[in-house]
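Asks: Residues per chain are reported as follows:
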Amino acid sequence: MSGVASIHLVENALLVSIQDDVTDTEIIDLQDALSNRIADENVDGVIVDISALEIVDTFVGRVIAQLAGISRLLAAETYVVGMRPAVAVTLVELGMYLPQTRTALSLSHALAQLRRG
Amino acid sequence: MAEPQPDFLHKILQRIDLKTGKDAVQARQVVARELKARGVSALRVTRFATAVSEIARNVIVHGGGGHFTVGLNAATSYLDVECRDRGRGIPDIDQAMKDGFTTAGGLGRGLGGAKRLSDRFEIETVPGQGTTVRMSAKI
Amino acid sequence: MPQTGTATILKIFEADFGGIVEEWRGTQVEEGVRRSDLFTDSESRAQNIELLKAFLTGIRSGVHEQDFSFEDTAWEDLRAVLADLTKERVSRGVTPSEMANFVLALKTPLFSRLATELAGDTDRLIAEIRLVTRLIDAFAIYTNEVFIAEREQIIERQREEMMELSTPVVELWDRVLTLPLIGTLDSARSQEVMENLLETILQRQAEVVIVDITGVSTVDTQVAQHLLRAAAAVRLMGAECIISGISPMIAQTMVQLGIDVGTVSTRSSIRTALADALRKVGYVIEKRDAH
Chain A
1 MSGVASIHLV
11 ENALLVSIQD
21 DVTDTEIIDL
31 QDALSNRIAD
41 ENVDGVIVDI
51 SALEIVDTFV
61 GRVIAQLAGI
71 SRLLAAETYV
81 VGMRPAVAVT
91 LVELGMYLPQ
101 TRTALSLSHA
111 LAQLRRG
Chain D
1001 MAEPQPDFLH
1011 KILQRIDLKT
1021 GKDAVQARQV
1031 VARELKARGV
1041 SALRVTRFAT
1051 AVSEIARNVI
1061 VHGGGGHFTV
1071 GLNAATSYLD
1081 VECRDRGRGI
1091 PDIDQAMKDG
1101 FTTAGGLGRG
1111 LGGAKRLSDR
1121 FEIETVPGQG
1131 TTVRMSAKI
Chain L
2001 MPQTGTATIL
2011 KIFEADFGGI
2021 VEEWRGTQVE
2031 EGVRRSDLFT
2041 DSESRAQNIE
2051 LLKAFLTGIR
2061 SGVHEQDFSF
2071 EDTAWEDLRA
2081 VLADLTKERV
2091 SRGVTPSEMA
2101 NFVLALKTPL
2111 FSRLATELAG
2121 DTDRLIAEIR
2131 LVTRLIDAFA
2141 IYTNEVFIAE
2151 REQIIERQRE
2161 EMMELSTPVV
2171 ELWDRVLTLP
2181 LIGTLDSARS
2191 QEVMENLLET
2201 ILQRQAEVVI
2211 VDITGVSTVD
2221 TQVAQHLLRA
2231 AAAVRLMGAE
2241 CIISGISPMI
2251 AQTMVQLGID
2261 VGTVSTRSSI
2271 RTALADALRK
2281 VGYVIEKRDA
2291 H
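Residue numbers (my numbering), protein chains in the order written: chain A, 1 to 117; chain D, 1001 to 1139; chain L, 2001 to 2291.
It is possible that part of the hints are untrue.
Each computed DSBU-like pair below joins lysine-lysine, with the alpha-carbon atoms no more than 35 Å apart [said to hold, decoys possible]:
| hint | chain 1 | residue 1 | chain 2 | residue 2 |
| --- | --- | --- | --- | --- |
| 1 | D | Lys1019 | D | Lys1098 |
| 2 | L | Lys2087 | D | Lys1138 |
| 3 | D | Lys1036 | L | Lys2087 |
| 4 | L | Lys2107 | L | Lys2053 |
| 5 | D | Lys1115 | D | Lys1022 |
| 6 | D | Lys1098 | D | Lys1036 |
Please keep in mind that the hints were generated in silico from the structure rather than gathered at the bench. Keep in mind it's a predicted model, so treat the numbers as computed, not measured.
Could you put together the complete structure from these sequences and hints?
Replies: Encoded structure:
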């Protein structure tokens, strides 16, 4: 299960870095694990670092969008950070704008935004 | 239905059996590696690898598994990919190509999106016998 | 059928190469193909000689049973000389028809010499003239192709240069970029603009991007779509996009076309957009009392 990322607690947010060889099953597992930990640890935010991802297709995009919806219901904001330019262009071309998801350039940008509230 | 390009998969580089999500990951990574090795830009690599990922998942989820083949079309400088399954086929192909169509509870942008992200794209489907997608990226 | 080959034509060339060159050049002047305004006389003579020598080399070994193809190795010299000559002439502004006529003018000196050489043997004369005509016509057509290919290359190069020139991403302030768009925005250009912008965001770690459309001539549904897609991609990367330079007229057109900008910030001028952008990255613009 090399693709399964470990979840770290940084300040009051859960940080996870997704690896490029993540499979559909693993990313569903990750969504599940994150949902549980948001509720258990009462965090303000979830930061998903996708800088390693060369592609985000409609399935992964949908899981990220769902994660944003889930965390919002649990009173946390989801940040996607480090999206590569090529991935951003491709997602737009696929019509996936991820409106519910917050975005930031990097982990530190996302943490700064979370601190501001 | 369009005839396959005469030189499609002229020189085969690799074949992968598509059974699990891991195979789909391998398929798109092979495609990305082959395009990068030929100096294709990051954006175009991502676009085509994304298209391949969509189609490979379709083969596994809807087609009950199948085969992926990647090769070169030396004459026209295309990287060709064929994904083939022996699933139920797609009853209404025009409908399925539209954004928003879905049979498995997804968003249904996969097929139409994959076509937009490929430089060439054709799909051949026979209800009850399976679906073959042939897609290419200009090198 | 009288026997023809390249023997006669080669003999003519060998007998009077210098004379042919001079007469060829004379015909070029008569037909107005030699541009004394563009080439000095000695330059022109040297080029003519070089080209004719290469042509002769081709005829010597590149014609088999009256068949020839300029792609063969026998014509290598001609291709090389022609490529150099064309490059130079294109840059000096010679036209394609001038270029073709320049080659075709070679017929006059050759025909007159053939007529003298084969006086009394009409059949052979006709056959020889036919072969020389085919050779020179093919030569002229090939020259034109090289010429056009060279011009296309120049056009492509200029297009690329213009593209780069017209899409500069400027760092206005620390973490604030601006992209002043000018002219028309078609699919190809907007794709290029978007890629360039996103790469710069990544390099500079920019948090706010002002896309200024003051210089965009028309904003129709398609242009608006390109802009909104760029804004969406900017947001996905984690930066914010402000579209500025929306004139009252453009605003009216956009509403009439039913274009919904959604959550993208829009401003009428780059001035207000800049104030906004600076505020977003934590700066305050303050006017000092004394002024």
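Asks: Compare the structure with each hint and give your call.
Replies: Evaluated hints:
1. D:Lys1019 <-> D:Lys1098: Within the cut-off at roughly 26 Å; holds.
2. L:Lys2087 <-> D:Lys1138: 30 Å, holds
3. D:Lys1036 <-> L:Lys2087: 34 Å, holds
4. L:Lys2107 <-> L:Lys2053: Distance of about 15 Å is within 35 Å: holds.
5. D:Lys1115 <-> D:Lys1022: Holds, at about 23 Å.
6. D:Lys1098 <-> D:Lys1036: Within the cut-off at roughly 30 Å; holds.
In this structure, every one of the numbered hints holds.
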